[in-house]
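Asks: If you read the protein sequences in the order shown, they are chains P and X.
With my numbering applied, the first sequence has no gaps in its numbers, which climb one by one up to 443 at the end.
With my numbering applied, the second sequence has no gaps in its numbers, which climb one by one up to 743 at the end.
To be clear, the hints were calculated from the coordinates, so they are not data collected in a lab.
Because the structure is a prediction, the values reported are computed rather than measured.
Hints are not guaranteed to be accurate.
Stated by the list, open to error - Distance windows between CB atoms, simulated:
| no. | chain 1 | residue 1 | chain 2 | residue 2 | range |
| --- | --- | --- | --- | --- | --- |
| 1 | P | Ser394 | X | Gly726 | 41 to 51 Å |
| 2 | P | Glu24 | X | Glu484 | 18 to 28 Å |
| 3 | P | Phe138 | X | Ala516 | 40 to 50 Å |
| 4 | P | Arg128 | X | Glu686 | 36 to 46 Å |
| 5 | X | Arg736 | P | Thr401 | 14 to 24 Å |
| 6 | X | Gly571 | P | Lys125 | 47 to 57 Å |
| 7 | X | Arg736 | P | Arg56 | 52 to 62 Å |
| 8 | P | Arg56 | X | Lys715 | 35 to 45 Å |
| 9 | X | Gly689 | P | Ala53 | 42 to 52 Å |
| 10 | P | Ala84 | X | Glu505 | 42 to 52 Å |
| 11 | P | Lys422 | X | Arg656 | 40 to 50 Å |
| 12 | X | Lys712 | P | Glu24 | 50 to 60 Å |
| 13 | X | Lys712 | P | Lys181 | 39 to 49 Å |
Beta carbons are placed, not taken as given, at the ideal position from N, Cα and C, and that holds for glycine.
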Amino acid sequence: MLESLSDKFGKVLRDVRGRGTLSESNINETLKDVRLALLEADVNFKVVKDFVASIREKALGKEVLESLTPGQQFTKIVHDELTAILGGEDSVLELSGRPAVIMLCGLQGSGKTTTAAKLAYALKKQGRSPYLVPADLFRLAAVHQLKTLAGGINVDCFDSTEYNTPAEVCTEALRIAGLKKYDTLIVDTAGRLHIDETLMGELGGLKTILKPAEILFVADSMTGQDAVNTAKGFDASLDVTGVILTKFDGDARGGAALSMRMITGKPIKYIGTGEKVECLEVFHPQRVAGRILDLGDVLTLVEKAQTTIDEKEAVALQKKIKKDTFTLDDFKDQLKRIRKMGSLDNILSMIPGFGAMKKAKNIDFDESEMTRIEAIINSMTGEERRNPACLNASRRKRIATGSGTRVQDINKFMKQYQQMRKMMKKIKKSGGAGLKGMFQNMM
Amino acid sequence: MFKKMKSGLSGLRQRLSKTHNSIMGGVEGAAPTMSREEFLETLEESLITSDIGVATSLDIAERIRSKGGQNVARLQEYLRDYLYDILKEVEAPLKIERSPFMVLVMGVNGVGKTTTIGKLSAHLSSAGKSVILGAGDTFRAAASEQLELWGRRTGCDVISQSIGTDPGAVTFDTIKAAIGRYANIILLDTAGRLHTKSNLMDELKKINRIAGRELAGAPHEKLLVLDASTGQNALNQARLFNEAIGVTGIVLTKLDGTAKGGIIVPLAKELKIPIRYIGVGEGVEDLREFKAREFVEAII
Ligand SMILES: Nc1nc2c(ncn2[C@@H]2O[C@H](COP(=O)(O)OP(=O)(O)OP(=O)(O)O)[C@@H](O)[C@H]2O)c(=O)[nH]1
Ligand SMILES: Nc1nc2c(ncn2[C@@H]2O[C@H](COP(=O)(O)OP(=O)(O)O)[C@@H](O)[C@H]2O)c(=O)[nH]1
Ligand SMILES: [Mg+2]
Ligand SMILES: [Mg+2]
Numbered sequence: 001m002l003e004s005l006s007d008k009f010g011k012v013l014r015d016v017r018g019r020g021t022l023s024e025s026n027i028n029e030t031l032k033d034v035r036l037a038l039l040e041a042d043v044n045f046k047v048v049k050d051f052v053a054s055i056r057e058k059a060l061g062k063e064v065l066e067s068l069t070p071g072q073q074f075t076k077i078v079h080d081e082l083t084a085i086l087g088g089e090d091s092v093l094e095l096s097g098r099p100a101v102i103m104l105c106g107l108q109g110s111g112k113t114t115t116a117a118k119l120a121y122a123l124k125k126q127g128r129s130p131y132l133v134p135a136d137l138f139r140l141a142a143v144h145q146l147k148t149l150a151g152g153i154n155v156d157c158f159d160s161t162e163y164n165t166p167a168e169v170c171t172e173a174l175r176i177a178g179l180k181k182y183d184t185l186i187v188d189t190a191g192r193l194h195i196d197e198t199l200m201g202e203l204g205g206l207k208t209i210l211k212p213a214e215i216l217f218v219a220d221s222m223t224g225q226d227a228v229n230t231a232k233g234f235d236a237s238l239d240v241t242g243v244i245l246t247k248f249d250g251d252a253r254g255g256a257a258l259s260m261r262m263i264t265g266k267p268i269k270y271i272g273t274g275e276k277v278e279c280l281e282v283f284h285p286q287r288v289a290g291r292i293l294d295l296g297d298v299l300t301l302v303e304k305a306q307t308t309i310d311e312k313e314a315v316a317l318q319k320k321i322k323k324d325t326f327t328l329d330d331f332k333d334q335l336k337r338i339r340k341m342g343s344l345d346n347i348l349s350m351i352p353g354f355g356a357m358k359k360a361k362n363i364d365f366d367e368s369e370m371t372r373i374e375a376i377i378n379s380m381t382g383e384e385r386r387n388p389a390c391l392n393a394s395r396r397k398r399i400a401t402g403s404g405t406r407v408q409d410i411n412k413f414m415k416q417y418q419q420m421r422k423m424m425k426k427i428k429k430s431g432g433a434g435l436k437g438m439f440q441n442m443m
Numbered sequence: 444m445f446k447k448m449k450s451g452l453s454g455l456r457q458r459l460s461k462t463h464n465s466i467m468g469g470v471e472g473a474a475p476t477m478s479r480e481e482f483l484e485t486l487e488e489s490l491i492t493s494d495i496g497v498a499t500s501l502d503i504a505e506r507i508r509s510k511g512g513q514n515v516a517r518l519q520e521y522l523r524d525y526l527y528d529i530l531k532e533v534e535a536p537l538k539i540e541r542s543p544f545m546v547l548v549m550g551v552n553g554v555g556k557t558t559t560i561g562k563l564s565a566h567l568s569s570a571g572k573s574v575i576l577g578a579g580d581t582f583r584a585a586a587s588e589q590l591e592l593w594g595r596r597t598g599c600d601v602i603s604q605s606i607g608t609d610p611g612a613v614t615f616d617t618i619k620a621a622i623g624r625y626a627n628i629i630l631l632d633t634a635g636r637l638h639t640k641s642n643l644m645d646e647l648k649k650i651n652r653i654a655g656r657e658l659a660g661a662p663h664e665k666l667l668v669l670d671a672s673t674g675q676n677a678l679n680q681a682r683l684f685n686e687a688i689g690v691t692g693i694v695l696t697k698l699d700g701t702a703k704g705g706i707i708v709p710l711a712k713e714l715k716i717p718i719r720y721i722g723v724g725e726g727v728e729d730l731r732e733f734k735a736r737e738f739v740e741a742i743i
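Kindly produce the complete structure, drawing on both the sequences and the hints.
Replies: Put into structure tokens, the structure is as follows:
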């Protein structure tokens, strides 16, 4: 199986690490590998060219700092450049105007309708009062789809059934929003091709009516080379304000993120990480660049490696459990190992009786949750990992900021961690937990 | 049988040429003034940007490099032949040789499964078959309503249940109904699922098992729908769906966009699964049988 972008990059950079100096010749060789890795990850051909050129320039222009090895220096340059391209700063929604209007657009099937509901859900949790507007009158049952999703999250949804055109829907929805005091309109539009002039013109018309604070281009993260054409097309006719990348929960290598960002210069604001309404995460360039580059700390769900915990490690782990010295560092190691082996549910489903326990304990196995937990642990200091009891409010706040999560997430995770340790103690009492038992209690 | 689909070579080419700058388009214009190296580089770029993938693109570029000479017309001919040789291996139209014949339609989210079923049902019923549709996507909001509306449009019965029902139950019901109503063809829709989600792939296996239990040899066609704008990930999709229940045919949708769908070249090389149809729009008539020659002519 092909490796993910992160894996490949990791390997490439490890090669540089082993080689004394950062000379022109080994840069060239490494850059060639970087180029291949990026192309295999679906980063657009031209984008790769530009990226590699700027890395070369930066790498050669700089002196190797005394405190760093050439490999570290090179890693830092690539990481910084990648972060810069991906956006540098985290960017959030610009919700000016009353009501503030968010308009979603994109190709067919990219995830607009689902994302509309996800945004409404997130904004509602932030205390806003969103109003969903189904302006896709073309695809069969599209209005019904959004209405159903709205019902599921208790958000009001405009009734489009009486109207003939998206323009009428938008005009009327705006009027009602004024009357009923909704502060945010989220408008779902029909999927279309950027080369369809009539339909792109229709979107332009909606823009004139709605005067949106945000026009978000919703794109599939599995998109290949064509990402640049579609992003450019939508941006050229609508001047979009940002991008949302959906279906990040798969094994797509994320090349489209780089391509679209570099070609439009527009920020990627969110990523979709699942089909459920809560599966929307703020896009963190740092985190994604880190994920792309991270050497060995990388989460690949694709890898179906037959790796299992080897016996020696298992024994060491059991000792830790017995002595009750199982720290967050250990937790992270285990998490990494499990994820290496494939999707979590896959592995866990092999364990007898697991489904029942999952239900009973109400433990969430969402992959995005795992990513969040990793980020949280990564943002802790060594001391905090060894002794989580020291996590007071201000520490928690810092960790939340560092990991791009919320304090509630940290609290929830700490609760789970405590619960897990309790279970470990029980296992200890009931005697010899085998490998399966250990897995069971890992989570 | 597929009268409407037989639009012939020129039809597709015309339809696609609007949106497809041919792979060699850039090369042809500038070639006479190019050095050999420049020419090969441009070729490599053209291949890669059509999503054929790095390995296959480099391989093709290498073959052409070894041909020597730079008569563009001849190299273009060579490139076409090479791609044609690969793709003709997977040109095999769907043959419906029994009744009822069951087609299971699967793929990742948003690729065009339901729409493809809608289009197929129109073509098959206009060829005189009685077609029954099964709304096996019980997860996505309004998915069964979408299929029901397609059924109304194409005059086919739709078997559906409420949202959240076990898709295995819908499979069962649909087959029973098809047998009871002497339908010729069953088209079973399924929820979009990412190939990496093992619980969802298990669900698909279960659907597959139930079909086989209720109707001998069913599903007789396991059709994977791929989106032409997908990059190298489409390979993983095909591999994992194939591992899970075996894929007997592929539909490549959204070829009316600017994406070239080059991913089917490495796909054809590696998995050799027949490509049954291509999708060229959202309308009921926008489905074509896959023709290797036509496809190659359209993209080169
Ligand atoms: N796994 C996963 N699936 C998603 C995500 N976002 C959307 N989907 C799924 O992708 C499919 C298409 O989503 P829709 O929201 O209907 O897409 P759309 O852009 O509105 O589609 P059209 O209106 O038909 O153009 C559905 O099956 C969704 O459940 C995501 O982040 N992850
Ligand atoms: N342009 C274009 N759009 C398509 C094609 N096939 C499907 N679609 C659109 O893609 C979107 C998703 O299709 P749908 O059938 O709902 O996908 P599913 O989730 O896989 O069932 C819809 O908006 C369809 O109209 C095609 O060949 N070309
Ligand atoms: Mg939609
Ligand atoms: Mg569907």
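Asks: Evaluate each hint against the coordinates.
Replies: Here is how each hint holds up against the structure:
no., hint, verdict
1, P:Ser394 <-> X:Gly726: 41 to 51 Å, "60 Å, violated"
2, P:Glu24 <-> X:Glu484: 18 to 28 Å, "22 Å, holds"
3, P:Phe138 <-> X:Ala516: 40 to 50 Å, "43 Å, holds"
4, P:Arg128 <-> X:Glu686: 36 to 46 Å, "45 Å, holds"
5, X:Arg736 <-> P:Thr401: 14 to 24 Å, "59 Å, violated"
6, X:Gly571 <-> P:Lys125: 47 to 57 Å, "54 Å, holds"
7, X:Arg736 <-> P:Arg56: 52 to 62 Å, "43 Å, violated"
8, P:Arg56 <-> X:Lys715: 35 to 45 Å, "40 Å, holds"
9, X:Gly689 <-> P:Ala53: 42 to 52 Å, "45 Å, holds"
10, P:Ala84 <-> X:Glu505: 42 to 52 Å, "35 Å, violated"
11, P:Lys422 <-> X:Arg656: 40 to 50 Å, "44 Å, holds"
12, X:Lys712 <-> P:Glu24: 50 to 60 Å, "37 Å, violated"
13, X:Lys712 <-> P:Lys181: 39 to 49 Å, "60 Å, violated"
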